[in-house]
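Asker: Read off the chains here:
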Amino acid sequence: MAETWQEVIFWILAIVMAFAAMRVVTVRNVVHAALYLVVTLMGAAAMYIMLFAEFVAWVQVLVYVGAIVVLALFGLMLTRAPIGSGDFDNNQRGLAAIVAAAIFGVTSWVMFRAFEGQSVNYARETGTTTKQVGEEIFSRYVLPFEVVSVLLLAALVGAVVIARRDLGGNPEEARFPDNDATGYSAADTAAMTSPEPGVG
Amino acid sequence: MPVTYFLILSALLFSIGVYGVLARQNAVLVLLSIELMLNAVNINLVAFSAFLQGGDNLGGQVFALFVIAVAAAEVGVGLAIVILIYRNRQTVDVDEMSYMKW
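Which chain is which? The protein sequence lines are E and A, in order.
Anchor point for the first sequence: position 39 equals 39 in our numbering, and the numbering is continuous, going up by one each time.
Add 1000 to a position in the second sequence, counting from 1, and you land on the number used in our numbering.
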């Protein structure tokens, strides 16, 4: 009987996630796309809890929903994407749909052939605890963990270096000098006032 | 519960992400579609971790955590690049970023 309830919950989550993911890639409003992504990511966190992975679920909520989506919203804000207007799709929509359908068909067919009839064991009493995950990370996977920490440091430094505009002697500084204390360059201000995006 | 449920849901999310990467024009929306694909991979990893659970086999969950960390790094650097391109070109349209294309 417990199995039945798990299936019901799975189907509710799966339908919500699939709908929200479809909206992420089709909706016309960029902010709505990011918010639909939140729905999908929260559904994935619920899936992790169904799969005994509590720690991964909460990391998903904290990192994806708390950080990555907020970062994406800041990106949308800073690039002044035309919110709620126009078409964000290119003219390859039909071809993209064919490619996506082909990938879905092939992968789901392979998965179904390989794992048909095999089940996740729900007879266990408890999920995996954070203690178990931590012991695994810091014993067997300690080298990948350190590599990931170096990667995060490199990404942090790289993002700051790429995005900052006040490097000394940078030719960008001569092209787009800051015109006031708001941090917007003259070119940004021009882009705000002109309806057509310039070509640079 | 059949493990294929999770695997096919993950395949569906992945292919929706592929569609988004191919059909979207706004670079930030392309990054969001990439997040969808990475998330589908995570569901796969965690599903296999639960499926292969033999007591001390948590590799799937640990690698899902690594994928989350790499996704955070990727979106940080990606958005920095997008903002730099916007500052230089006043556009984030990936179809117009063809200056290095032969």
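Since the hints were derived computationally from the structure, they do not count as laboratory data.
Treat each hint with caution, since some may be false.
[Stated by the list, open to error] With beta-carbon atoms standing in for the labels, derived distance ranges:
1) 28(E) / 1098(A): 21 to 27 angstroms
2) 1097(A) / 11(E): 20 to 26 angstroms
3) 1095(A) / 135(E): 22 to 28 angstroms
[Unchecked claim] So, partial list: chain A residues that the calculated Cβ filter (under 7 angstroms) puts toward chain E:
4) 1058
5) 1064
6) 1067
7) 1072
8) 1083
9) 1095
10) 1097
Because the structure is a prediction, the values reported are computed rather than measured.
Even glycine gets a Cβ: it sits at the ideal position worked out from N, Cα and C.
Asker: If any of the earlier hints don't hold here, list their numbers in rising order.
Answerer: When the structure is compared with the hints, numbers 2, 3, 6 and 10 turn out to be violated.
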